[in-house]
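There are 4 protein chains.
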Amino acid sequence: MERAVLEDLAAASRILVDQGVFDAAGHVSMRHPDNPDRFLMSRSLAPALVTADDIMEFSLDCEPFDPKGRNPFIERFLHGGVYKKRADVMAIAHGHSAAVIPFGLVATPMRATYHNAAFLAAGVPVFDIRERFGATDIVISSAEKGAALADALGDKQSAVFRAIFTEVSARVQLQAAALGGPMAALDEDEGRKADVINLATVGRSWELWKSRVT
Amino acid sequence: MERAVLEDLAAASRILVDQGVFDAAGHVSMRHPDNPDRFLMSRSLAPALVTADDIMEFSLDCEPFDPKGRNPFIERFLHGGVYKKRADVMAIAHGHSAAVIPFGLVATPMRATYHNAAFLAAGVPVFDIRERFGATDIVISSAEKGAALADALGDKQSAVFRAIFTEVSARVQLQAAALGGPMAALDEDEGRKADVINLATVGRSWELWKSRVT
Amino acid sequence: MERAVLEDLAAASRILVDQGVFDAAGHVSMRHPDNPDRFLMSRSLAPALVTADDIMEFSLDCEPFDPKGRNPFIERFLHGGVYKKRADVMAIAHGHSAAVIPFGLVATPMRATYHNAAFLAAGVPVFDIRERFGATDIVISSAEKGAALADALGDKQSAVFRAIFTEVSARVQLQAAALGGPMAALDEDEGRKADVINLATVGRSWELWKSRVT
Amino acid sequence: MERAVLEDLAAASRILVDQGVFDAAGHVSMRHPDNPDRFLMSRSLAPALVTADDIMEFSLDCEPFDPKGRNPFIERFLHGGVYKKRADVMAIAHGHSAAVIPFGLVATPMRATYHNAAFLAAGVPVFDIRERFGATDIVISSAEKGAALADALGDKQSAVFRAIFTEVSARVQLQAAALGGPMAALDEDEGRKADVINLATVGRSWELWKSRVT
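Residue numbers (our numbering), protein chains in the order written: chain A, 973 to 1186; chain B, 973 to 1186; chain C, 973 to 1186; chain D, 973 to 1186.
Hints were generated in silico from the structure; no laboratory data involved.
Note that this is a predicted model, so its numbers are computed, not measured.
Please note that a few of the clues may not be correct.
Claimed, not checked - Heads up, incomplete: computed chain C residues facing chain B, CB under 7 Å, no partners named:
{"id": "1", "residue": "996"}
{"id": "2", "residue": "1103"}
{"id": "3", "residue": "1107"}
{"id": "4", "residue": "1111"}
{"id": "5", "residue": "1146"}
{"id": "6", "residue": "1151"}
{"id": "7", "residue": "1154"}
The beta carbon of each residue, even a glycine, is placed where N, CA and C say it ideally should be.
One chain only, chain A, in its complex shape (with noise of 0.2 Å):
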């Protein structure tokens, strides 16, 4: 595999954390790029400090290939759950971003209320683990878990852009909320036509946020 690859995918954990996305977790992995039954994320570390060197190889049962001594995140099974279920995920980034975070216990949705985060107008699922597995350490900790959350975004660089622009669509959404009264956003038709524009854009996005954390 190419040495690019993995220092794109620790540069994408490093990247979230400087957009405020992750703070001192949070994973971002990726579906091997030539090899769709594996994948790759970091060890478990604090994401600002992820590297190329961190970055280990995973079966979809979450089985390291290679440890070399280095610890994986418990974490890694929501990962391998939903690379297992859902083919068309080629990337995950999971992390615990301050405006999104309401709208997980609260009855509002999220909407798409920034041009960026367009994707959001086709709906945003909450996964709650008490509904299926009681009152646990809320860890996806295991296969079983992992298989119960299918959730999942586009490929590396787009994973890194939704995941940004959904903080930032939840941070306008939070203000315009304490406005109050009706409250217009994308609907599904504007929201699949400008995610086509946005995408366009990811990369131009990308090369900004690297060459901050670089």
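Take the given structure of chain A and dock chains B, C and D to it, following the hints.
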């Protein structure tokens, strides 16, 4: 044309990133100082990275002169459409600043809540592309859409000044709204008078902001 | 006069920018330590850039002594007006800090919600220039307007300390208001007692803040 | 005592400033590792400036041993009072983090809205000095007041971890409250289970945070 003009236009782009008005997107343009039938605008590039060599020259129909292989922004149609219809407009800043967008989503009008945003007291029009063009990708990507958009600002430094304090005033209004009850703000008369004073101080702020990005 | 006095006054200006109280505008002044009929204030300049050489000396009628070609702030009339009417005032910080302004727009009074802002418990007057002077440019630009404004603060370091924690307390109150229901805060008696303790710690904060801007 | 212990306690103080929990005030202390009848705490100093040489040793009655001319914090009575009454408490972080204070002013209880703040699900007591001591300067400045305050945290690194994520969880709850309607959060059972996992990751966060302040 003087090199300093291009450098100032490029600095305007970087200033608006530094001051939190632009993110990975955002475009600032100006009417050509010697030829009112042309305007100047960066090639397609993250606004934080724009330098004088990235500035291209366009006709009011958005045709580039001497592109030298540089790729223009599709959003240039927003700029050309305004320069063509509004001879009084000398510069445009087009961004998606976070505290302003909520006022495009709800019925609450923007008000002048901050002295340097006194010009907002004259009213802030909201352009909803859906009313005229139905469900689109929400980009001003043609001459027809550009012509349908008719908001504009003063000279280049003022465009930067106003973009910054529109964001600041929006933040103040969002906070005041959270307190509830009737809200004061500058009325149209006060807004007009205070704006005269504000424009006289643009140079002082410009020098400060420019020093941060050069 | 000692050079250190001028350097501290200039540092106060830069500290208030660094701590988010001043933006591209904002003025801090002090009564002359040896001559109570004079005050010291920067020439017209962004507050982040003020150094000892920018400090000018004024009569209480706002006439400059020995201007050396330096251009004074029109806002000096706010400062002179207060020093003239209030012999107890030794220093003034005049800014537009973002979380404080909403309390000038709505009926909700500011309260002391943060221990270091205990002095707010004595009440915060709101001066509305419209009531006395009608629709103006809202600048305190004459001796008459300066005389109509009668708010003031203690010594120089305390003015900085109080400007900073007024902003902090305002942010806390805005957040508490969003939660709804009755809100506690220091009462006048607690405010007076806690302020004695706070003033005793100003030096410790001042040294820290100054180290960030020198 | 090992020098590394003093250096870690000093780093804890600087970390809490860097992470936005402490401002110009805030104190972190720990029980003496070899003598449970003593505790360690910085001399009176802005928490951003604390180094190992600033750490003083106190009896549980807050008498300093070998002060070497260093001036102790008056707030040491808060720390001594807790160590004396609660043998299980090994470290204390006392600050005024901005998003937490509103929950001391209104009736809304703090809840565990963020995975790393799972420990909040057990409930957050509010100590109102006014109920017991009337109108005071609100400082815990005596043994009697210290004894009246009985909140506490786990070991030193955990105290830092918990102070940080209490602030983060408070911010999330403030935003969720603004959306209105019923709000979910971890229940006590989930909180206990998730906290076990969280404590296992404290070291990873600690190394990251420490690297930012050393």
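Here is what the structure says about each hint:
no., hint, verdict
1, 996, "holds (4 Å)"
2, 1103, "violated (11 Å)"
3, 1107, "holds (4 Å)"
4, 1111, "holds (6 Å)"
5, 1146, "holds (5 Å)"
6, 1151, "violated (10 Å)"
7, 1154, "violated (14 Å)"
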